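Those protein sequences? They're chains A and B, same order as listed. If you count the first sequence from 1, position 506 lands on 506 in the working numbering, and the numbers rise without skipping. So the working numbering is basically just the index in the second sequence, starting at one, shifted up by 1000.
Hints in this document: simulated from the structure, not taken from any laboratory. In this text the structure is predicted, and so the values were computed from the model without any measurement. Certain hints may be false.
One side of the interface only, derived from the structure: several residues of chain B facing chain A at Cβ under 8 Å [said to hold, decoys possible]:
(1) 1012
(2) 1021
(3) 1022
(4) 1025
(5) 1027
(6) 1032
(7) 1038
(8) 1039
(9) 1068
(10) 1070
(11) 1074
(12) 1080
(13) 1082
(14) 1094
We treat Cβ as the ideally placed atom computed from N, Cα and C, and that holds for glycine.
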Amino acid sequence: MIAEFGLAALWLAAALAGLQLFAGFMGLRPGGEGTAVLARPAALVQALLCGISFLVLLWLFARTDLSVALVAANSHSAKPLIFKLSGAWGNHEGSMLLWVTVMALAGGLIAFIERRLPEKTMLATLGSQAFVALGFYAFLLFSSNPFERLPVAPMEGNGLNPLLQDIGLAFHPPTLYFGYVGLSVAFSFVVGALLTRQVTPEFARVMRPWVLGAWCLLTVGITAGSYWAYYELGWGGWWFWDPVENASLMPWLAATALLHSVSVLAARDALRAWTVMLGVIAFSMSMVGTFLVRSGILTSVHAFAVDPERGSFILALLALNIGGALAIFATRAGTVAEGERFSVLSREGALVINNVALSAILGIVLLGTLYPLLTEAFDVRVSVGPPYFNPVSAIFLFPMLVVLAIGPILRWRGDSFARIRMPVISLGLLLLVSIIALWVITGIGILPLLGLALALVVAVGSLLPLRGRSLRRLPIAVWGMVIAHFGVAVALFGMASDTAFQQERLVAANIGDVVEVGPWSAQLESVTPVAGPNWTAIEASLTLFYEGKEVTTAHPQARSFWSPPTETSEVALTTRRNGQLYTALGNQAEDGRWQLRLWWKPFVTWIWFGGLLIALGGALALVGRVVGDIRRRVAGKKITDRKADQEALAAEAAS
Amino acid sequence: MSTGIKPKHQRLVLLIIALVALVGAGLLAAWALRNQANYFYLPSEIVSEAPGPDEAVRLGGMVEMGSINTAEDGVTVQFIVGDGDARVPVSFTGIVPALFVEGSGVVAEGSMGADGTFIATNLLAKHDENYMPRELEGMSTEEVRAEIEATLE
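In isolation and in its complexed conformation, chain B is listed as follows (with noise of 0.2 Å):
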């Protein structure tokens, strides 16, 4: 294949290759992250604009008090999620973050589920006395945010 072409050119090949691939490389991250990346929702967001069934997204809001509930087969838990405003019911097959707890808050990334349930794939608390999701800090309703400081003493 290489025969017939002067090495100057070769170079320009090469040179046009790499820069195709890099420009490439490029937009392709950006098409991706328009459709992969997983957008955050507060329960009143998630009420008045519900995302696709398919699509995954984050939800982070304030665990309802009382709201826990443990299933039949012991490993799925059932739990409300609010901000003040709305409240969205959410289930979480798996063992539950050790700072999981109701008043507390939390993150779940998953999906809505068609009976208007959110499915959690995976909870996200506070992991260790300093750590919190970013996505909680300083949400808009006022109450969460001082409740979530109050968790945060």
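Excised from the complex, chain A in its bound form (with noise of 0.2 Å):
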């Protein structure tokens, strides 16, 4: 019964989409404001049954009621709470309702708080989030119904893949669809907005928070998924430049460049008809995401769920969807006027610099992404990885990261080159120095040399901003900036050294062996079978010594689950401040000794710390310019209202 009723409100939410999306479109057209008003309760109350329904869900799996299909398949009744509900949505399903339940919700909060934009415009947005959802909906309902009843209801559930149960997993997808759902909320107000002709200042500060919401999601979802690949796998990398991880690579490129261009369309109504383009585009980028990730189409070391038929109704949706705003686009482009003029040498200029680049780099992880499945339509198998991506996609990253070492200190609209003549100087030799330095002292390869070397630079330049200025005055929104930007150097400098400096040990040790690997020395005391709640493993125990000196110990695992049976590899991560150790445990030789693999991976830690830094610095940026949203609009309704009791006064006066 309960199931039923999520089914039913699902339904009402997907027909309220409809009239939502009907009542946008008739205040379009002269006459239609009598329906035009029902867009906003319309958009409520789908968010409250797209809610409800969601709540239907996380319940049916909290009780495991085996009669529906979803549960039955993906839950188990001794597994516990946490990974029960997570259960809900790391299926296919139950992640799709997720979305339109997460799109709904947006929805509704657009509906209720946004009234700074003129009311067609909001009208069109609302219509066009309907237009997206319903799409999402007639996916749900017709092919991927998550309330489906068994006939009979099994004695037991299926479990959920072992992979999966782990705490950071059970987040990180969710935390990307909240990211591509914020970038669905920010194409939706391209649309509003190229329909009714108001590309705006006002329009990129509205569009701004969501724009920064999902891009600060997107950063924690690709840092979080890089980290679990790195331990989970146990191959030692933090990024092999798979189709899955580029499926997330590709909207936060698009979307880094949106957030920076809607900046100088908020700041300086420069970059119109670009920005939106880039909101099509970063909307694009998540379905194309989706596309992959949900087809499996293309190999992936991360294929869990996949299924051809549901890949084409994704394809379908994308090409509805982006189709039509490229069609809108182009009759509409020539109307969005040419904005406010800069001089190249200005703040619009690097961060146009900033755009392409990142719009190159997004092209080439795009090509070389999809370039397997050009070529197989020529019946040639071909695979793509890190000799195209590294080198092809630093050919743009350099230059960009050079630009964002000074583009920070520039001025708007127009800049002379004297003011910023001593900082500029000072990274060039900054650059030239270490980059010498770098080739005399380590001779390491050119791209970990020209990233260190960059890093140092970014790192610097990220701090500029802050010269000759209080700290105490500094506005919220600049600190975010600054830390983003210094996350950035950190990031690159962890993944260069790693790249540069990490050592390897692959080795097949007897038990009192001892193993060097850098500073480190592991000594083999023992090789155990121990037991988990749903898994068998052997268990090495390693005594570890750091230069030298006993520090501590390293129980690295092979692992079996049996239901499903998979076998996995649980490496044991030893931490410094200045790296990780990482070791993974092999097979057994023929002969009884055991093969074990350790890496030493200086300053690898710092990969994903400054992921983190990245992402605070948006959330920095997201919560200064939300309060001074607010700021502004508390200040203008005083304005307003002091204007009324003066007039009101004069009025009294007068009479």
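Fit the two chains together into the complex; they arrive one by one in their own frames, and the hints show the way.
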């Protein structure tokens, strides 16, 4: 009964999305105002109904109602409650319901609070939001109903993939999904602004918090996903240029570009058409990402939930939404008036370079990801990996980082070189000296060498906006920018130093043998079988010495889960401030020796630390912008109140 | 540098830079993809037209029964990958994937050595019950397909 209730709520929500679309459409026509007032209430009730529907699904999973097909296929009565709940979205149907729910909640939120834009633009925005949502409702209701019943309830559920029974992974996909949905809201604002020809700084200010929020969540999601792949796959790498990883990186690249161009539009009323275009691209990339992940059309180490039929449904939605948006763009782009002008040497000029470089990298990643599909059409099977992605994207990344170091100290509209000569020359010297010094001292490869030198330059450059300003009175949004840019330097330093200086040892060791890697030596003490709640494992015990001093022990495992049967490698990570020792246990050779693989990875943790700093910077910028908006609104209200008071007084005095 | 140029022209300069960069990125990507993509070979293909010794490729096929040998150092394995028509010796140093067993499918990344042995830098086997390197799906030789289907059961 409860499941049917959830399904009914979902159908009603879909009907309301239809009403919202109709009301939004009527709002654009003369004489449609009567219907148009329904758009906001429809969005609110739709959010409520979707929320109820999702709560019902959570309830079904919490109670392990096995008469529901989805619960039987993905849950087990003996799982801990937190994994029962996360199981609700750890599968295709549930995750799509979560997507739709978050989208409805976002739509309800903008319907409820957003009153700054012209009402027609808002109606067009809500209509476009409803149009996108309707596609996903159709997808849920017709091809992936989460509330479907089984004719006969099984005695016990199937369980959840053990790789997914990880607290980090329980929250990793929703984080990315929230990011994607945030970009869908930005997309709706773009369509609304285009339809009503209102591409204004006010529109940019309204859209900016959504872009910032989406971008923060994507940053956190990618950082977490990278760390997960690092410790769970047991291959010692943190980025494989795998299609699923690229699928999350591409929306992030587009969102990063959008984030910067929307700031230009908000502050200076320039880059109008470009910002609109990026809004469309960012959401397209979210859908391309979802398509690549869900369809399993490309080989991936993360291929969990794949289904070609559903992939084609998402592809059709993608074509419909993006084709529609591009058609609107093509017909309206000519009417978006040219924005304010600026000179090449200005903040805007630097941000244009940022945008062009990010778009180029996005194109490079997209082409590399789709290339195997293209060649397969001609019956040639290829795969594309780091030898393509690393150098080709670096050609655009490195110049962009140089601009990042000086861009934030440039003035809007136009600047003179004389004013910034000192910092530019110092940063240039720093770059040159560090390149030469690294070249002479270390002799590492060209990419990590430039990466290390640029990390230093970006770190210094990112702090330059603080120079000569009162730190107490610096706006929160500026702190956000400084911290995010500094985070880029930190992450880049981690990547470059791990690539340049990591050391690896692969040996077959007897009990008592000592393995040396970098400053570490590890003594294999024992290998014993151990058992967990739903797995058995063999576990090695190693005593670790850092520069000759005994510091700690490490216990890497090779685990076997039995439901469903899966083998995983549980690596042991020993973290120091200057890096991580990564230990993996392999198989036993015929002569009784154990395979051990050890990596010393200097400063590898800085990669994820930097990622978190970037997200923190974004969050601070978001807070700063929202607080600023509220303050402005309160101040504006005070002014109008005072004016009204004065007018009333004047009227009184006159009478 | 900016004095003497009208703002309108400066915009044009930016637009041209942007277009050149984007078109350049596309051309660069197309060129690099032709050179850097790893081609996929079946054993019979790699025997008939061997790739250059430095060229990174992928070799996919079935691990022949009884062919896995561990070398003296305990971490190098040698085995034979076949597709029913041809057999290629492969050498791999590292920890083999958990589901790498004789008679099952494997994709080896690496390059051909001078002596006709394929030097693998990475092995991809089934990663869990549902995962199979996609290149192994629908291969031309019927026996291989049958065997892989059996492996996937």
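For each hint, the structure was consulted:
no.	hint	verdict
1	1012	violated, 10 Å
2	1021	holds, 5 Å
3	1022	holds, 6 Å
4	1025	holds, 4 Å
5	1027	violated, 11 Å
6	1032	holds, 5 Å
7	1038	holds, 5 Å
8	1039	holds, 5 Å
9	1068	violated, 11 Å
10	1070	holds, 5 Å
11	1074	holds, 2 Å
12	1080	violated, 18 Å
13	1082	violated, 18 Å
14	1094	holds, 6 Å
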